[in-house]
Amino acid sequence: MFVQSILVGLLYWLSMGRAHYFFSYALRRPVVLGVLIGWIFGDAQAGLLYGATIQLLYMGGIEAGGNIPSDQALAACIAIPAALLNNLDPTTAVALAIPFGVLGVLINNVRRTINTFFNSRSDTMIEQEKYDKVSLYTFLLPWLANGVLYFTPVFIATLFGANVVQAFIDFIPEWIMNGLSNAGAMLPALGFSLTLVVMGKRHYLPFFVLGFFAYSIAGFSMLTGAVFALSLAMIVSLFKQHSDEEGIA
Amino acid sequence: MSSKVEVQNDSKKVTKFDLFIAWLRWCLVVEVPVSFDRMQALGFCYSINKILRKVYKDQPEELQQAMRRHARMFNTNADWGSVIHGIIISLEEQRARGNKDVSEEMMESLKIGLMGPLAGIGDSVDQGIVMTIPLAIFVPMALNGSIFAAFVPSLIYMAWAYGFSWFLFNRGYNLGKNSVLSILQSGAIKKVIDIASIVGLFMIGCLSAAYVKFETILSYSSEAETVQVQELIDNMIPNLLPFALVMGIYYFIIKKGPKYLQIILFVMVFAILLTLIGVI
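Quick mapping for you: the protein sequence lines, in order, are chains A and B.
Note that this note's numbering has the first sequence beginning at 1, numbered continuously upward.
Note that this note's numbering has the second sequence beginning at 250, numbered continuously upward.
Some clues are possibly wrong.
Only pairs whose alpha carbons sit at most 30 Å apart, straight line, appear in this in silico DSS-like list of lysine-lysine [to be verified]:
id: 1; chain 1: B; residue 1: K508; chain 2: A; residue 2: K201
id: 2; chain 1: B; residue 1: K303; chain 2: A; residue 2: K130
id: 3; chain 1: A; residue 1: K201; chain 2: B; residue 2: K462
id: 4; chain 1: B; residue 1: K504; chain 2: A; residue 2: K240
id: 5; chain 1: B; residue 1: K306; chain 2: A; residue 2: K130
id: 6; chain 1: B; residue 1: K303; chain 2: A; residue 2: K240
id: 7; chain 1: B; residue 1: K505; chain 2: A; residue 2: K201
id: 8; chain 1: B; residue 1: K265; chain 2: A; residue 2: K130
id: 9; chain 1: A; residue 1: K130; chain 2: B; residue 2: K349
id: 10; chain 1: A; residue 1: K201; chain 2: B; residue 2: K299
id: 11; chain 1: A; residue 1: K240; chain 2: B; residue 2: K299
id: 12; chain 1: B; residue 1: K508; chain 2: A; residue 2: K133
id: 13; chain 1: A; residue 1: K133; chain 2: B; residue 2: K299
id: 14; chain 1: A; residue 1: K133; chain 2: B; residue 2: K265
id: 15; chain 1: A; residue 1: K130; chain 2: B; residue 2: K261
id: 16; chain 1: A; residue 1: K130; chain 2: B; residue 2: K262
id: 17; chain 1: B; residue 1: K262; chain 2: A; residue 2: K133
id: 18; chain 1: B; residue 1: K261; chain 2: B; residue 2: K299
id: 19; chain 1: B; residue 1: K440; chain 2: A; residue 2: K201
id: 20; chain 1: B; residue 1: K508; chain 2: A; residue 2: K130
id: 21; chain 1: B; residue 1: K303; chain 2: B; residue 2: K262
id: 22; chain 1: B; residue 1: K303; chain 2: A; residue 2: K201
id: 23; chain 1: A; residue 1: K133; chain 2: B; residue 2: K303
Since the hints were derived computationally from the structure, they do not count as laboratory data.
Since this is a predicted model, take the numbers as computed values, not measurements.
Here chain A stands alone, though its shape is the one from the complex (with noise of 0.2 Å):
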């Protein structure tokens, strides 16, 4: 339990200590920590069906000027083990998840408070004329604060979590547990609802609509969706094309 706990820590610092932040944000979807924690456990396909359920609700996690609307790496890390540890139900998982989603925000100003200090001491390095222990105070010292920032909270709760989970489990009434779970059904909606503010001119809604009710009723592969949806957008753009033409001439 000891070693697996340092791992899920070392795995959420990873995420989101943003070192190549092509990568660690790549690695922070839940769909992907899910299989890794699963893979820390000795139970992969656990773990990927507890990560791809919990991804569903940080489909549209769009870090606008890097500010994250939650933290879906602290859910992922955190949510994850503890189901795993006491075979949750996937929809109980998400809503074990989203508490921890939204104190990863503060987790995320904490680091860039701290990150202040390391501006001052790299202006004194400058005026000092030391230019590689400015190197030292932009990357190094920083990410290894934040290591401990970002470890210390996973590892305590993987080490100790699964106990408190399962006792609060015991604890609560059935129908809360019932609600909560049909709340983790329900709240992927909040994902998609996101995701349509940020991609969609609102005049788009329509396909959205279309979209969801030709699934409804016909239920296709999500690759097939795609041919559809893809060759209704080139259908779109060569009218939007020809009345574009029209209005300049």
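For chain A, the structure is supplied; the task is to place chain B on it using the hints.
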């Protein structure tokens, strides 16, 4: 005498390898030292640290000034913003060679002017399209148990982000400041974004229908039979409740802004109440 000057100039020239190192340092560091007051400033400074020391090798005062001006507030999209580094490196190189037309103000206003638009377009393309559409296609496969599918969206994103930012970094260096304008204004990009957002909306529609679960267990009995309300709804229009839920949250965000915590709490309380009174 003249040959000596040439050699000196050569040893200060920015090579492809220098560019590669600077790009790699940018990718490594960009979001690590982010702070509230200066955002990615130190990341920018770290990225071009080695190059500045090379081009200003015998001009310690100029070097210090350059370090100072690149430790100022900076914030953009890590991928699309790398075109700015390319441009700044080519400008600093010219300034070090004695081209005094390249002023500090010019570089500063270039950085400030470009970082906003590039962040806007970059965040919505990279995070909204390059990450989201593959997730929409592959997460359902992952839910069906495919471990391979779990990694595909992330691999696609990484290939795109590393590839495109390296391309832009070079383009910025080779073409200077005009390159950005040509990229931002090109009609091709607008068209691609347009197509991608239609595909995205349609896919999000499919996903919402597949994965938002909201069904009522209400039923009522008349003399002849027991009627399941959910069946009634399904016969009229399938998945009406999930549709209403997504639309409800969508309009809430449009009207009141992205207040995630409120929405989450509301949905949780709503679900627990409905469960308690036996509606779901």
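Hint check results:
Distance restraint check for B:K508 and A:K201: the Cα-Cα separation of roughly 20 Å lies within the 30 Å cut-off, and the hinted pair is therefore satisfied. Of the supplied pair hints, the one linking B:K303 and A:K130 holds, its CA atoms being roughly 15 Å apart against a limit of 30 Å. Distance restraint check for A:K201 and B:K462: the Cα-Cα separation of roughly 26 Å lies within the 30 Å cut-off, and the hinted pair is therefore satisfied. Distance check on the hinted pair: B:K504 and A:K240 sit about 29 Å apart at the alpha-carbon level, within 30 Å; holds.
Distance hint between B:K306 and A:K130 is fulfilled; the C-alpha atoms sit about 14 Å from each other, no more than 30 Å. The hinted pair formed by B:K303 and A:K240 fails the criterion: a straight-line CA distance of about 51 Å is larger than 30 Å. For the hint pairing B:K505 with A:K201, the CA-to-CA distance comes to about 17 Å; that is within 30 Å, so the pair holds. With a C-alpha separation of about 26 Å, the suggested pair B:K265 and A:K130 falls inside the 30 Å cut-off, and the hint holds.
Of the supplied pair hints, the one linking A:K130 and B:K349 holds, its CA atoms being roughly 26 Å apart against a limit of 30 Å. About 43 Å separates the Cα atoms of A:K201 and B:K299, which puts this hinted pair outside 30 Å; it is violated. Proposed proximity of A:K240 and B:K299 is contradicted: the alpha carbons are some 48 Å apart, above 30 Å. The hinted pair formed by B:K508 and A:K133 fails the criterion: a straight-line CA distance of about 41 Å is larger than 30 Å.
For the hint pairing A:K133 with B:K299, the CA-to-CA distance comes to about 12 Å; that is within 30 Å, so the pair holds. With a C-alpha separation of about 25 Å, the suggested pairing of A:K133 with B:K265 holds against the 30 Å cut-off. Pair hint A:K130 plus B:K261 holds up; C-alpha atoms about 20 Å apart against a cutoff of 30 Å. Straight-line distance between C-alpha atoms of A:K130 and B:K262 comes to about 23 Å, which keeps the hinted pair within the 30 Å bound.
With a C-alpha separation of about 24 Å, the suggested pairing of B:K262 with A:K133 holds against the 30 Å cut-off. Restraint check for B:K261 and B:K299: satisfied, since their Cα atoms lie roughly 11 Å apart, inside the 30 Å limit. This hinted pair checks out: B:K440 and A:K201 have alpha carbons roughly 13 Å apart, not beyond 30 Å. A distance of roughly 45 Å separates the Cα atoms of B:K508 and A:K130; the hinted pair therefore is violated under the 30 Å criterion.
Between B:K303 and B:K262 the alpha-carbon distance is near 8 Å, which keeps this suggested pair within the 30 Å criterion. Simply put, B:K303 and A:K201 have alpha-carbon atoms about 47 Å apart, too far for the 30 Å limit, and the pair is violated. The straight-line distance between the Cα atoms of A:K133 and B:K303 is roughly 17 Å, inside the 30 Å bound, and the hint therefore holds.
Against the hints set out earlier in the document, violations occur for numbers 6, 10, 11, 12, 20 and 22.
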